[in-house]
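Protein chains in written order, with the numbering used here: chain A, 1 to 274; chain B, 1001 to 1298.
Keep in mind the hints are simulated off the structure, nothing from the lab. Think of the CB as a built atom: it goes at the ideal place given N, C-alpha and C, for glycine as much as any other residue. One should not assume that every hint holds.
To be verified - Computed beta-carbon distance windows for the label pairs: (1) Gly1089/B - Gly102/A: 18 to 26 Å; (2) Arg265/A - Val1085/B: 33 to 41 Å; (3) Glu219/A - Ala1081/B: 48 to 56 Å; (4) Gly1089/B - Ala247/A: 39 to 47 Å; (5) Ser1272/B - Ala156/A: 42 to 50 Å; (6) Asp78/A - Gly1089/B: 45 to 53 Å.
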Amino acid sequence: MTTSYSLIKPADPSGADSPDSPDPIVSARGLVKSFGGHRVLHGVDLDVAPGETVCVIGPSGSGKSTLLRCLNRLETPDAGLCVIDGVPLGYAARNGALVEVGAAELAAQRAAVGMVFQGFNLFAHMTVRQNLVEAPRSVLGLSRREADERAGDLLARVGLADKMEAYPETLSGGQQQRVAIARALAMRPKVMLFDEPTSALDPEMVDEVLTVMRDLAAEGMTMILVTHEMGFARDVADRIVLMDHGAVLEQSSPRQFFARPATQRGRTFLEKVL
Amino acid sequence: MTIISSAASRLDVLHAMPRRGRRRLWIVAVNVVVVLVLAWMVVGAALTPGFEWRLVGPYLFDSRILTGVLVSVGMTLASMAMAIVLGVGVAALRMSSVRAAAGAATAFIWVFRAIPMLVQLLFWYNLAALFPTLGLGFPGLGTVGGVSTNEVIGPLTAALIGLTLHETAYLAEIVRGGFAAVPTGQREAAAALGLSPWRTFRRVVWPQAFRIVIPSLGNQVISLLKATSLVSVIALADLLYSAQLIYAANYRTIPLLVVVSIWYMVITGVLSLAQSWLERRLGDRSHRIAAPTEEGAL
């Protein structure tokens, strides 16, 4: 699908295609997270280059979603740090030391990271347009006209230009998820996180959402996604990260991974899902 | 007698399915009988001379009664408005992760819901007996400032404090339920977009919680209106007490109670209309969202 304009600001042409690993735009180090005594993440490291699409896969309960939610600090990790485009999320450098910031400041940092949820989570009391302009207006300080214009462009881009004034409940699951993607993009994020974006959809609606994501990846958006869509992972991902028991088991190119995972557990997992 | 025997016969007919015609006839007959009996009872009761209907009309618009109506409605609206603000605050404390705050809110709700409205009103009215002067007191250090309690807390103040605190306790629980009914995903989506906690509350959580809470809020306003009649015990001239003052002098007790009842019914009717108007205006979109799975963090 070719488009007349891009969803995102053009990526820096010099860095994105370079084979030498450029500075990562996402850099997570030693992420640890427990829920009520149960350790879900055991010190996970993850680097993602600008423009890269990373698919995180693994059995349920392996910590994929928790990892994703630690990346934008929806979950506060017990230990470890995530740096997004040079900004350590949740911290500020003061007198050479990292100091934890307050909730409002953290919120502002989060604006650089877009997130799409399994359950869409569109604001139910707002129209599609209101969903798209809320954050750009209140967080980025866009004027009403600018925000409306941006919303219109993005909705056209995800094929829902006629749904501006519709309420989420009147839309199908696939349409809601496309609106949710547009809503996240309206913040012009540097990274997009997708948490099983198609798992709650009826099978016939999965493709319309994957198509939007495929275009996004093709345009150079940095994407990290937790998914069970192995076909999508194979076709679109630049890198597969396999998690199990709260740790990264292996990571490799989709070609390598789907040909033959390096670990026995990887092979067992692949046999189950394919 | 007629009703019982006809109902019994109707049961027989129900079992004899094919005879549809006779069954319908019976249903009509039973309805007619019930309506006639009820009408006979109501009209008969209403015609009792003791009602003195001819006095009801004039007293309905007696200036003392109208003032009472204003006092009752005014107290209802004022304490409801204060209770909404305080109730949201107490609900927020109750949900706070700070244990002491949550505990204090729980204790507040327990105390002010447990003690009957009437008792609370008497307490506030008689506060002077407990604390003759009011000021900031520090145990062992004495009191800063100090004004005569009786000067500050007259019947109206006592009534407003009592009604507001009692209502606050109920509203706090209702509001908490409203907040809890807004799916977590809404907050997470707002946070992920970079909305500050206050903005998330103002723009995302509160509007949805408010819609969920409106029907209960409507009920509370109506019970509060009726609860204001209790202030008659502290000699505040609300609707009921104004009527009581009149019939204490002229012994026209029943017609004045009818006047009072009519006013309460009219005000309640208006409040109900306002409630359904508000519900329609806001629509019921918010609580029909069936966000598919609210999967946890794993």
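For each hint, the structure was consulted:
1. Gly1089/B - Gly102/A: 18 to 26 Å: holds (21 Å)
2. Arg265/A - Val1085/B: 33 to 41 Å: violated (57 Å)
3. Glu219/A - Ala1081/B: 48 to 56 Å: The hinted range 48 to 56 Å holds for Glu219/A and Ala1081/B, with Cβ atoms some 52 Å apart.
4. Gly1089/B - Ala247/A: 39 to 47 Å: holds (44 Å)
5. Ser1272/B - Ala156/A: 42 to 50 Å: 45 Å Cβ-Cβ, so the 42 to 50 Å window holds.
6. Asp78/A - Gly1089/B: 45 to 53 Å: Distance hint for Asp78/A, Gly1089/B is violated at roughly 32 Å.
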